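Protein chains: 4
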Amino acid sequence: MSSSSLVRAAIIGSTGYGGVELIRLLAAHPRVTVTSVVSSSNAGEPFAAGYPHLTEIRTDTLDAVDPALIAGKADVVFFATPHGVSTKLAGDFLAAGLKIIDLSGDFRLKSRETYAQWYKKEAPAQAELDRAVYGMCELFGDEAAGQDFISNPGCFPTATTLGLYPAVKAGWIDPDTIIVDAKTGVSGAGRGLNISSHYAEVNENFKAYKIHQHQHTPEIEQVLARAAGRPVTTSFTTHLVPMTRGIMSTMYASLTDRGRTTADFVELYRQFYEGRKFVRVRQAGTWPATKEVYGSNYCDIGVLADERTGRLTVVSVIDNLVKGASGQAIQNLNLMMGWEETLGLEFVPVYP
Amino acid sequence: MSSSSLVRAAIIGSTGYGGVELIRLLAAHPRVTVTSVVSSSNAGEPFAAGYPHLTEIRTDTLDAVDPALIAGKADVVFFATPHGVSTKLAGDFLAAGLKIIDLSGDFRLKSRETYAQWYKKEAPAQAELDRAVYGMCELFGDEAAGQDFISNPGCFPTATTLGLYPAVKAGWIDPDTIIVDAKTGVSGAGRGLNISSHYAEVNENFKAYKIHQHQHTPEIEQVLARAAGRPVTTSFTTHLVPMTRGIMSTMYASLTDRGRTTADFVELYRQFYEGRKFVRVRQAGTWPATKEVYGSNYCDIGVLADERTGRLTVVSVIDNLVKGASGQAIQNLNLMMGWEETLGLEFVPVYP
Amino acid sequence: MSSSSLVRAAIIGSTGYGGVELIRLLAAHPRVTVTSVVSSSNAGEPFAAGYPHLTEIRTDTLDAVDPALIAGKADVVFFATPHGVSTKLAGDFLAAGLKIIDLSGDFRLKSRETYAQWYKKEAPAQAELDRAVYGMCELFGDEAAGQDFISNPGCFPTATTLGLYPAVKAGWIDPDTIIVDAKTGVSGAGRGLNISSHYAEVNENFKAYKIHQHQHTPEIEQVLARAAGRPVTTSFTTHLVPMTRGIMSTMYASLTDRGRTTADFVELYRQFYEGRKFVRVRQAGTWPATKEVYGSNYCDIGVLADERTGRLTVVSVIDNLVKGASGQAIQNLNLMMGWEETLGLEFVPVYP
Amino acid sequence: MSSSSLVRAAIIGSTGYGGVELIRLLAAHPRVTVTSVVSSSNAGEPFAAGYPHLTEIRTDTLDAVDPALIAGKADVVFFATPHGVSTKLAGDFLAAGLKIIDLSGDFRLKSRETYAQWYKKEAPAQAELDRAVYGMCELFGDEAAGQDFISNPGCFPTATTLGLYPAVKAGWIDPDTIIVDAKTGVSGAGRGLNISSHYAEVNENFKAYKIHQHQHTPEIEQVLARAAGRPVTTSFTTHLVPMTRGIMSTMYASLTDRGRTTADFVELYRQFYEGRKFVRVRQAGTWPATKEVYGSNYCDIGVLADERTGRLTVVSVIDNLVKGASGQAIQNLNLMMGWEETLGLEFVPVYP
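Chains as they are written, first to last, in the numbering used here: chain A, 1 to 352; chain B, 353 to 704; chain C, 705 to 1056; chain D, 1057 to 1408.
Because the hints were derived from the structure by calculation, they are not lab data.
Small disclaimer: the values here were computed from a predicted structure and weren't measured.
Heads up, some of the hints might be wrong.
To give an idea of the interface, some chain B residues facing chain C are shown, with a C-beta separation under 8 Å as derived from the structure [claimed, not checked]:
1. T407
2. T411
3. A479
4. A522
5. W524
6. E556
7. P583
8. T596
9. F624
10. R632
11. E644
Far from chain B, by Cβ distances over 10 Å, these chain D residues were calculated [to be verified]:
12. H1085
13. E1101
14. A1127
15. K1129
16. K1144
17. V1258
18. A1283
19. P1287
20. P1298
21. T1300
22. S1310
23. R1326
24. F1328
25. R1332
26. K1333
27. D1362
Glycine included, each C-beta is placed from N, C-alpha and C at the ideal position.
Same shape as in the complex, but just chain A (with noise of 0.2 Å):
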């Protein structure tokens, strides 16, 4: 393929952790090529000074936040942004006639009374939001070809509702009984400083936080629903783990026939997850572990059918930075665009 024909990209945020690892992943992609790093705050610095790593890979500057320069260099924009930014600019890049992959939550939830009322800001405006498709790509892979605005899932949704919905769908478990006990590496929450990720408070600690009051909690329903065919109502609570990558939601819900078994679910969740290949389920009796898929795309399930106490429990993990945020962004990308969703993805997990 000549150097012409591929896709320019443009990572709005590319300082974040989200930015630098969609640079680090498209790297390796055959058929994209990113043309602009942005930042709203450092523009005209070289890149690589805040990121030693990218010494002589990216010798570039920062381009300052500005639709038409980019338009100028781009097809596609990633917003790798914090919430409320792509609200106030994705009108204007759609309107440069850019495509736009949105990593923030400002478009997941189709609900903009719900978006007000967790994540405390003003929803986007109605048009947009109608405009935006829900990128969970196993799920509802479909519906992103040929889009030009994709809203890209959040981290501990894309763990939980992978590991839940075959279940749900199937109606084999109440979804009104539905616990979920996520945890998740500190990468997650960003490169800016806090006190909550200062090494000394995390190293050696474990922590709860933001317990029922996560703005992942609806998201996680509004999926859950299209699954049951009618509101679900879910606990859902997080951890910090002292670790940098890595999600494992263990979740809970009630059989609604305890005569199933561990291997009914393998299988079920088997037929339901055929051919696409970044959904691994793992044989009954086996758990999969963060590590097991660190760097990577994978999102990997463990079921288990109890009978003594008539629950299922679910373990699902995956790199919150890979296909909890760049990486099902980058296949996202490849559904746009009618690629193979796997394409420049296939990372063999770094282990150990």
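Since chain A is already given, all that's left is putting chains B, C and D on it; use the hints.
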């Protein structure tokens, strides 16, 4: 107090993490002196050879497991041994006139059948089992006074039942809906060599293990049954955190009355634990982290009643080697002897 | 002892890691009570709000930096403040009749020019500088007795000079060849927010910093000059280890006589530190690790004389927050007051 | 390129960390396919059973160590085995017509006496030793072209000699004054079980080991002797860092001309490594950290000439499993085959 009045303690299994933590803690106890460190495999060797942090602190050598020998040197024996050891040895030590505090799981379950089922070993003889008092200090501390044989609780049951007991006892949550999602540091698995405690496998990793199969499950259910006044079945899951010390149990159950608020629960818990210095009930809206009890005998508890989901969430943290093992064992000694339960145990948590 | 006979201590900068470690350690001291926790920025707030591990342990609020107020509540003041603070305040506190132990670097260097050059700040007034006694306990402890103003040594100088002093003093190594390769945990940089203490930047990372520019260099040289009887120039390099606590200095120098063996050096060091309980010289062929002094006031030292290269290697470890800061500060208080130097400081290292 | 033109590789010792890293890296190589994973102890078992991160990536079973069998499936063999294995097996594999890249230490030292002295094993036969080419790519890469037997360098020698060679070669430092203070992550010790790789012993700990006795010492001296044109004796010390991957060598030597500046050295190093993409010489005043090369084949180097002490300090970092083992092994394969040395190895470091 003259040194002749000190209670003399022996530690069986002194070369494990529980044993060595007993040595650290007892070094600060005003009424106890450790006169014998015992090992089944390394008798005759200098204790500090395997634990150089005790250089010039413990200059003695390891004793063999010999009840007669130990009875000549000690008044009380701590078993910090793997499961199955005290089953075999407790009788001999009791017969030799020694008091026993057993940190292993052998004498915790009152049903011999349940023990055999979960521990995959033969249970202790009924006579000795009847003699052993289960020493969950803040719940059943009155039963320890004057006894000569205490079965020290498991680490997970300590964090878990201290976190659930008041709510179950009050009838404010439905015991049939309890789900316990527990997390532990690696020291809980002991010093033995195993791929699952290899640094490169644990570091930057988070994994689930023994889902629905952990031997602490029936111990938790046995305690909760006392609170509920009837049998209780609980979903109990454990995870391994990349840290050395610390346990968190995150617990979920349905409210029996959705009108009860977090403030109601905080008040209930504070009243329940009034006067028990090692349980600290956190104020509404805050959650304890494991590091906040590091190296100390505290169990810190946070609660939240969520009206939206109709569920209670409880977070309970301990240092698994202190309140979850050696610290509570000393607390039990204090209660047996009729001393203040906090004697020699008021360590301020090591932070950061 | 009646509580009225307790020495009352105030801690300026109590909300930093050095301050909070003073609180942990002094809680176990039989002759001291902390009567005032002071903060320049959070006066009036409950101390435990920022440090929940002290819930129910410290229930007081923060005092303002007010010498008159503090003089009414305390006998001795610990400065656990950033560089530059005690330079400004020491005079006022001395004038108010308080004894001072200063954990900052302000009064360590006897040359005001050297201070200005390495600290990039103006040095304290000469009169106060003359009054401050440099408190490296095992080297110059006799000088502290009866004093009212102690300058507590830096963390790196403590590990380093305790490791080198006997060999330099004896003339067994050439002072001009000394190279110090030091490593520290992250708590040494304090609780302030900085990208270099962000968990995701430090974890699974090892970095060098301030090479040949660390402000502890002249302090090390000042101490070694006393041993050598002439000026000494030293190469001093620091590294950041992904851990919270601990310092290791690995030190190299040429032997003045290649015939001297490791055994000779072990003997030299043991004689030099005879009777000083907090320095433990390890036997030949073994090396101390930082965790072996964790949470304690020990400085452990290993030495090796290598005939092949003609060089001595010394490894010296401390807990930077204890022997490297707050523990040594209390040891200095003990010496000032004429108490046993180990009083209240005999913590067994926390292991594992 | 048709798949028939792929070079077929076998990995002996595939279940160790070096072996499994070869699998990760070669999965991205456009001209190599791994056709045989070999294990001396687990032949017949599914490879992914021991490494679940390879679920659905490697579905094959382990082959036995059988030169005839492997010769039928592969063109080149990587030995990722403990010391002593390739000494015994290399001859058989060469005789079977296979090319060899040996990641162990067996064939690195040209002196059989030196090998026996430091490795405490008998050295390989002289004939095979003569045939093995030492593959330090950026220093002696020209020697690899067309060869069929490469001895891949050790991890510490790679970081160390790449960091020192230009300065020694130029005569700008005195080789007799070189001191190397090296630090490594735990994966360097392999997957074998040992108390020194137990998580609770390593975490929050920093330790020195094998001081003056590491078997990489003579390998470093052998390379530096080529630079100096005469024998060199070096002080080499190793430390264990609580992290999984990464090596840093901090190196010290006396300047032969104090007038030479850091800028002079940066220029010298850049010229020396011109065109070698995997060595990145950092700009004056900055230092590489291990995480900045994580998962990649880079060796990043920082230098500082200090006028005050008259010494050069060099900091050199690699990922011990990539540039220090499997990555350089593939780089050597590229050089043997006459391919671009960067082929299939241009991984962007994983950050954070």
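Structure-based check of all given hints:
1. T407: At 5 Å from the nearest chain C Cβ, T407 (chain B) passes the 8 Å test, so the hint holds.
2. T411: Nearest chain C Cβ about 12 Å off; hint violated.
3. A479: violated (37 Å)
4. A522: This hint is violated: A522 (chain B) lies away from chain C, its Cβ roughly 23 Å from the closest one there, beyond 8 Å.
5. W524: violated (24 Å)
6. E556: holds (6 Å)
7. P583: With a closest approach of 35 Å, the P583 (chain B) hint is violated.
8. T596: Holds, because the Cβ-Cβ distance from T596 (chain B) to chain C comes to roughly 5 Å (cut-off 8 Å).
9. F624: violated (16 Å)
10. R632: Since the shortest Cβ distance to chain C is 5 Å, the answer is holds.
11. E644: holds (4 Å)
12. H1085: holds (24 Å)
13. E1101: holds (15 Å)
14. A1127: Holds, because the least Cβ-Cβ distance between A1127 (chain D) and chain B comes to about 32 Å, which exceeds 10 Å.
15. K1129: Per Cβ check, K1129 (chain D) is outside 10 Å of chain B; nearest 29 Å; holds.
16. K1144: holds (27 Å)
17. V1258: violated (4 Å)
18. A1283: holds (33 Å)
19. P1287: holds (37 Å)
20. P1298: With a cut-off of 10 Å, P1298 (chain D) comes too close to chain B, as the shortest Cβ separation is near 8 Å.
21. T1300: violated (5 Å)
22. S1310: Consistent with the label, S1310 (chain D) stays out of reach of chain B, its closest Cβ about 35 Å off (over 10 Å).
23. R1326: holds (34 Å)
24. F1328: holds (34 Å)
25. R1332: For R1332 (chain D), whose nearest Cβ neighbour in chain B is about 30 Å away, the distance exceeds 10 Å, so it holds.
26. K1333: holds (28 Å)
27. D1362: holds (33 Å)
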